[in-house]
Amino acid sequence: MLIQFLLIAAVIVLLVFFLKNHGTTKTAAGVKIGFLLFLVLAVVAVVRPVEVSKVAEFVGVGRGTDLLLYALVVAFGFQTINTYLRFKELELRYARLARAIALRNAEAPEPADAPAVVERAEDPAHTA
Amino acid sequence: MADQSDVWLVVPVYNEAQVIADVVRNALQTFPNIVCVDDGSRDGSADAIRGTGAHLVQHPVNLGQGAAIQTGVEYARARPGAEYFVTFDADGQHQVADVVRMLERLRAEPVDIIVGTRFKGDASHIPLIKRVVLRTVVAISPRLRKLKLSDAHNGLRVFNKKVADELRITLNGMGHASQIVDMISQRGWRVTEEQVEILYTEYSMSKGQSLINGVNILFDSALKTGSRR
Numbered sequence: 001m002l003i004q005f006l007l008i009a010a011v012i013v014l015l016v017f018f019l020k021n022h023g024t025t026k027t028a029a030g031v032k033i034g035f036l037l038f039l040v041l042a043v044v045a046v047v048r049p050v051e052v053s054k055v056a057e058f059v060g061v062g063r064g065t066d067l068l069l070y071a072l073v074v075a076f077g078f079q080t081i082n083t084y085l086r087f088k089e090l091e092l093r094y095a096r097l098a099r100a101i102a103l104r105n106a107e108a109p110e111p112a113d114a115p116a117v118v119e120r121a122e123d124p125a126h127t128a
Numbered sequence: 129m130a131d132q133s134d135v136w137l138v139v140p141v142y143n144e145a146q147v148i149a150d151v152v153r154n155a156l157q158t159f160p161n162i163v164c165v166d167d168g169s170r171d172g173s174a175d176a177i178r179g180t181g182a183h184l185v186q187h188p189v190n191l192g193q194g195a196a197i198q199t200g201v202e203y204a205r206a207r208p209g210a211e212y213f214v215t216f217d218a219d220g221q222h223q224v225a226d227v228v229r230m231l232e233r234l235r236a237e238p239v240d241i242i243v244g245t246r247f248k249g250d251a252s253h254i255p256l257i258k259r260v261v262l263r264t265v266v267a268i269s270p271r272l273r274k275l276k277l278s279d280a281h282n283g284l285r286v287f288n289k290k291v292a293d294e295l296r297i298t299l300n301g302m303g304h305a306s307q308i309v310d311m312i313s314q315r316g317w318r319v320t321e322e323q324v325e326i327l328y329t330e331y332s333m334s335k336g337q338s339l340i341n342g343v344n345i346l347f348d349s350a351l352k353t354g355s356r357r
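Residue numbers (the working numbering), protein chains in the order written: chain A, 1 to 128; chain B, 129 to 357.
The hints are simulated quantities; they were obtained by calculation from the structure and are not laboratory data. Possibly wrong hints are sitting among the right ones.
[To be verified] Using 35 Å as the maximum straight-line C-alpha spacing, the simulated DSBU-like pairs for lysine-lysine come out as follows:
#, chain 1, residue 1, chain 2, residue 2
1, B, K290, B, K258
2, A, K88, B, K290
3, B, K248, B, K274
4, A, K88, A, K32
5, B, K289, B, K248
6, A, K32, A, K20
7, B, K258, A, K26
8, A, K88, B, K289
9, A, K26, B, K276
10, B, K276, B, K290
11, A, K32, A, K54
12, B, K248, B, K290
13, B, K274, B, K289
14, B, K276, B, K289
15, B, K276, A, K54
16, B, K258, B, K274
17, B, K290, A, K54
18, B, K248, B, K258
19, B, K258, B, K289
20, A, K20, B, K248
21, A, K88, A, K20
22, A, K20, B, K289
23, A, K88, A, K26
24, B, K290, B, K274
25, B, K248, A, K26
26, B, K276, B, K248
27, A, K88, A, K54
[Claimed, not checked] Residues of chain A placed beyond 10 Å of chain B at every Cβ, according to the derived structure:
#, residue
28, I3
29, V43
30, L92
31, I101
32, A102
33, N105
For glycine and all other residues, C-beta sits at the position ideal for the given N, C-alpha and C.
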């Protein structure tokens, strides 16, 4: 069936596309265009459900509703990957921030016979 | 004994207050420079470290072992005179004598990094299930076979300034071991391994990463996209 091919291809294309291009300006623009298309299609589906059914029939799904459901599954997968990657990226930035703070506040050991003062090490945070 | 003042031990610490002071004091007898990275411990590990004579760097929040190692290496490589670096576990399962031997090799041989392995000699002291899993990881990883490494998840590593300067661990959690292997192969660091002894005490067994965590490691490594930036 055509629909099986389309769905699987969509999943693979999205996955590869995202892992390769995540975070670039182009991707961000692509996502926005995709979202606009999605909105347009949503309006079409509401106003002319018959057309959706025709498309569904063409690709080999019985009803327009089923086609919508399938599309939703793909969109959800896409969203999940997107969120996962975004979290990973945030985590990395957060780690770098925390690292900069940690290095700035590093404590060198106190000399054995000196009074107990917390010694601030020189700032090594500019290293990377 | 050789002068070890150009060596820095990097010790990631997370909730190890019970043992960390002893481990650090013991290592300080041989290595004057130790930096402990307290990864947001909540059990007073930082206070335990303060009295020992080791440098202390504290993550304000818990980030994970990979992040702690990266922080420690960044701290150590900025110290004047630092030439050799060691990643050393805080739970006392690594032996100072092994580190000394690895450093001798690193100074004498044309290599950039030496990774500890549990599998070169007799491996029967390693818990069976752990052995099976670690062996499987090696068997299914073409990269490890190509580099002739038998134990990628060994926390004991000794490396030079070149590696320290180029090290960029972006996997905060436990995936960093595989990431280091990737960096070895991508950046062309000359690598070899050395038989080391891991003390499986009751304490270290209770702290050690669970095998189920291997799933997390595999997943993080597969979707490792942050490493490009």
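Cross-check of the supplied hints:
no.: 1; hint: B:K290 x B:K258; in the structure: holds (32 Å)
no.: 2; hint: A:K88 x B:K290; in the structure: holds (27 Å)
no.: 3; hint: B:K248 x B:K274; in the structure: holds (17 Å)
no.: 4; hint: A:K88 x A:K32; in the structure: holds (21 Å)
no.: 5; hint: B:K289 x B:K248; in the structure: holds (26 Å)
no.: 6; hint: A:K32 x A:K20; in the structure: holds (18 Å)
no.: 7; hint: B:K258 x A:K26; in the structure: violated (45 Å)
no.: 8; hint: A:K88 x B:K289; in the structure: holds (29 Å)
no.: 9; hint: A:K26 x B:K276; in the structure: violated (40 Å)
no.: 10; hint: B:K276 x B:K290; in the structure: holds (21 Å)
no.: 11; hint: A:K32 x A:K54; in the structure: holds (27 Å)
no.: 12; hint: B:K248 x B:K290; in the structure: holds (27 Å)
no.: 13; hint: B:K274 x B:K289; in the structure: holds (24 Å)
no.: 14; hint: B:K276 x B:K289; in the structure: holds (23 Å)
no.: 15; hint: B:K276 x A:K54; in the structure: violated (59 Å)
no.: 16; hint: B:K258 x B:K274; in the structure: holds (22 Å)
no.: 17; hint: B:K290 x A:K54; in the structure: violated (63 Å)
no.: 18; hint: B:K248 x B:K258; in the structure: holds (16 Å)
no.: 19; hint: B:K258 x B:K289; in the structure: holds (32 Å)
no.: 20; hint: A:K20 x B:K248; in the structure: violated (38 Å)
no.: 21; hint: A:K88 x A:K20; in the structure: holds (15 Å)
no.: 22; hint: A:K20 x B:K289; in the structure: holds (32 Å)
no.: 23; hint: A:K88 x A:K26; in the structure: holds (20 Å)
no.: 24; hint: B:K290 x B:K274; in the structure: holds (22 Å)
no.: 25; hint: B:K248 x A:K26; in the structure: violated (49 Å)
no.: 26; hint: B:K276 x B:K248; in the structure: holds (11 Å)
no.: 27; hint: A:K88 x A:K54; in the structure: violated (41 Å)
no.: 28; hint: I3; in the structure: holds (28 Å)
no.: 29; hint: V43; in the structure: holds (34 Å)
no.: 30; hint: L92; in the structure: violated (5 Å)
no.: 31; hint: I101; in the structure: violated (5 Å)
no.: 32; hint: A102; in the structure: violated (5 Å)
no.: 33; hint: N105; in the structure: violated (7 Å)
This entry does not satisfy hints 7, 9, 15, 17, 20, 25, 27, 30, 31, 32 and 33, going by the numbered hints stated previously.
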